[in-house]
Amino acid sequence: MDLLVVLSIEALRAVASLALISVGLAIIFGMMRVINLAHGEFLMLGGYAAIVATKAGINIWVSTLILAPLVVAIIGIIIERTVIRFLYGRPRDTMLATWGLSLFLVGITTTIFGNTTEGISAPAGSLQVGNYYIAAYSLIIVLIAIAVFAAIWAVFRFTRYGLIARSTMQNPEMAAALGVNPPAVYAATFGIGAGLAGLAGGVMAPITGIVPTIGAAYVAKAFITVIGGGPAVLAGTVSASVLFGAIDQIITYLSTPVIGEVALLAAAVILLRFMPQGVTGSFFRRAS
Amino acid sequence: MTAACNGTGGIVAAVIIGLALLVVVPLVVDPIFLIELTSYVILAILALSLGLIWGYGGILCFGQSAFFGIGAYAYAIAVINMGDSTIPLILSIVVPALFAALLGYFLFYARITDVYFGVITLTVTLILYKLMGTTSGSAYTIGNAAIGGYNGIPAIPPLNLPGSPTTFLSLDGLFYAAGLTLLAVYVGLRLMLKSRFGQVVVAIRENERRAELLGYDARFYKLAAFTIGGGIAGLAGCLFANWGMFISPDVFGLAQSAQVIIWVIVGGTGTLLGPIVGCFLVQWIATQLGTQQVLNANLVLGTILIGFVLLVPKGITPTVLDLIERTCQRRSYAKPLVEKRSVS
Numbered sequence: 001m002d003l004l005v006v007l008s009i010e011a012l013r014a015v016a017s018l019a020l021i022s023v024g025l026a027i028i029f030g031m032m033r034v035i036n037l038a039h040g041e042f043l044m045l046g047g048y049a050a051i052v053a054t055k056a057g058i059n060i061w062v063s064t065l066i067l068a069p070l071v072v073a074i075i076g077i078i079i080e081r082t083v084i085r086f087l088y089g090r091p092r093d094t095m096l097a098t099w100g101l102s103l104f105l106v107g108i109t110t111t112i113f114g115n116t117t118e119g120i121s122a123p124a125g126s127l128q129v130g131n132y133y134i135a136a137y138s139l140i141i142v143l144i145a146i147a148v149f150a151a152i153w154a155v156f157r158f159t160r161y162g163l164i165a166r167s168t169m170q171n172p173e174m175a176a177a178l179g180v181n182p183p184a185v186y187a188a189t190f191g192i193g194a195g196l197a198g199l200a201g202g203v204m205a206p207i208t209g210i211v212p213t214i215g216a217a218y219v220a221k222a223f224i225t226v227i228g229g230g231p232a233v234l235a236g237t238v239s240a241s242v243l244f245g246a247i248d249q250i251i252t253y254l255s256t257p258v259i260g261e262v263a264l265l266a267a268a269v270i271l272l273r274f275m276p277q278g279v280t281g282s283f284f285r286r287a288s
Numbered sequence: 001m002t003a004a005c006n007g008t009g010g011i012v013a014a015v016i017i018g019l020a021l022l023v024v025v026p027l028v029v030d031p032i033f034l035i036e037l038t039s040y041v042i043l044a045i046l047a048l049s050l051g052l053i054w055g056y057g058g059i060l061c062f063g064q065s066a067f068f069g070i071g072a073y074a075y076a077i078a079v080i081n082m083g084d085s086t087i088p089l090i091l092s093i094v095v096p097a098l099f100a101a102l103l104g105y106f107l108f109y110a111r112i113t114d115v116y117f118g119v120i121t122l123t124v125t126l127i128l129y130k131l132m133g134t135t136s137g138s139a140y141t142i143g144n145a146a147i148g149g150y151n152g153i154p155a156i157p158p159l160n161l162p163g164s165p166t167t168f169l170s171l172d173g174l175f176y177a178a179g180l181t182l183l184a185v186y187v188g189l190r191l192m193l194k195s196r197f198g199q200v201v202v203a204i205r206e207n208e209r210r211a212e213l214l215g216y217d218a219r220f221y222k223l224a225a226f227t228i229g230g231g232i233a234g235l236a237g238c239l240f241a242n243w244g245m246f247i248s249p250d251v252f253g254l255a256q257s258a259q260v261i262i263w264v265i266v267g268g269t270g271t272l273l274g275p276i277v278g279c280f281l282v283q284w285i286a287t288q289l290g291t292q293q294v295l296n297a298n299l300v301l302g303t304i305l306i307g308f309v310l311l312v313p314k315g316i317t318p319t320v321l322d323l324i325e326r327t328c329q330r331r332s333y334a335k336p337l338v339e340k341r342s343v344s
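Same order as they appear, the protein sequences are chains A and B. Residue 119 in this note's numbering is what sits at position 119 of the first sequence, and the numbering runs on without skipping anything. Residue 322 in this note's numbering is what sits at position 322 of the second sequence, and the numbering runs on without skipping anything.
Among the hints, erroneous ones may be present.
Claimed, not checked - No farther apart than 20 angstroms at their CA atoms in a straight line, the calculated lysine to any residue pairs in the SDA-like style are these:
1) LYS314(B) with LEU87(A)
2) LYS314(B) with PHE86(A)
3) LYS130(B) with ILE251(A)
4) LYS130(B) with LYS55(A)
5) LYS130(B) with ILE250(A)
6) LYS55(A) with LEU127(A)
Worth flagging that the hints you see were computed from the coordinates, not collected in a lab.
Here chain A stands alone, though its shape is the one from the complex (with noise of 0.2 angstroms):
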């Protein structure tokens, strides 16, 4: 019984873990059609700004949850505007482009910080259940991912921005014609999705530790997740989450993590092979 309560929480925890470090890929991809290929190394950048600024004294939670979302808020912002903005409406080109990103930000975070590992540890202890412990960190992702997502459905259905963003991405000109400045609505909406990137990164920073190569393991599973989940932005999410999370930590439980994320991989193109238009849904082949 005992075990059952342990191991049920940590699938949650792997199930929160991926919807959050997918969701920024999700807004961008499914809002803006962006393959945004640098996307690992934006959750890296969270996590260098969430241990940078614990270092330097400042509350754990504070600089997890508010200052690595803003500084990489505005990192991608700045992106948008100097590399994004060009390349609407040619994925390939977006594609090679953020990943030439990526490469440039995995190398300039270790001209600054070195090739290695860095972290801070998990703050909030551990709960006991029965004769085990678990890392009462685990649940509280669970209630970040549970929150995020509630938060960023508030926004996108009940705020004067999402009406906008959502009418934006529907039909920019006609958006532009009603006083809207698409550009703006553009990046604000990278930055948002940047912004959730560094919020997962500093979320998982603790548990993982920092390297300047970390983006690598997360942007796999992130683009499957929101691949697997197809056109609908949080649903998808939430619902590929869910499937890859529990078949990732069952296999896991019963070999190893890497084997886990073999099969993770393996379910989503068998996936995609029998279910192709869940995946390319009417949303991306407009785009492409």
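Go by the hints and put chain B onto chain A.
Coordinates of chain B only, in the frame set by chain A:
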């Protein structure tokens, strides 16, 4: 007069120039640089494989280095077990080609868009990197070959004459072997692209739906081109394992996959010469950067990639070739001026 411009003449010219370079270059460059140059030649074969499937097949594969790595591993594991290198050489082509066929079957027959294709192939490569990294320890040996996790496989025996394992390739010999392979692959691909099969592949790149309405199964042709590309990349991997006598999961790393893309985009897609030129150029720059400590190599490669996508999306070679072609066409206007795609 127009020999350099039309197909067959161009191939003959390429063979002559290639052979001349093979003879002259070892005589004039110093031996250390020749070893360096050998690696460029081997990597140029890898670049050609992506040049084929991306430039002509329109398939944007981000994981071409996966086939390269699989070829290298297949060769290494087989040759350590067998001693004689003939069958391992064949395996280094067949195994990655089969892997490409399997992966391609799932992706092409699902008809996913090229953008998803790029993402999935990249993911496969990254997962292979992790998977090979966990194979350290005595549990992971195939016959006599320990796979060795992130430490890789050291002391890989070199290629030898079929049937006599004692007559093996020296480092100089490897330069000639790699050069001849590059030339053979280049000529083979040009002939293939002139053939009916090659024409259909290019037609599908130009307009997939139209090609299908004309009765060609685009999925099959793409899969075939992708498989051939995988085999060529594997062959390059085999030579690379010979060159360093060592192979590690780093060949599956993000940097390696990105490099292949950078060679092709710098040299130019839609030509076969472009990827070769791009590979030599970028690798030479990378080597120069390796000797100084100020700029990180990733930083520079990333900047090159962003710069080319934004500013020179066609790459270097097509721009230069356009110029030559225009000069040639002006000289021979007896020929019908039907627009013809140069296969170069």
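Comparing the hints with the structure gives:
For the hint pairing LYS314(B) with LEU87(A), the CA-to-CA distance comes to about 15 angstroms; that is within 20 angstroms, so the pair holds. At roughly 16 angstroms between alpha-carbon atoms, LYS314(B) and PHE86(A) fall within 20 angstroms of each other, so this suggested pair holds. Note on LYS130(B) and ILE251(A): the hinted pairing holds, with a Cα-Cα distance of about 16 angstroms set against a maximum of 20 angstroms. For the hint linking LYS130(B) to LYS55(A), the alpha-carbon distance of about 31 angstroms lies beyond 20 angstroms, and the restraint is violated.
Using a Cα cut-off of 20 angstroms, the hinted pair LYS130(B) and ILE250(A) holds, with the two alpha carbons roughly 19 angstroms apart. Only pairs whose Cα atoms come within 20 angstroms are accepted, and LYS55(A) paired with LEU127(A) is rejected, the gap being roughly 26 angstroms.
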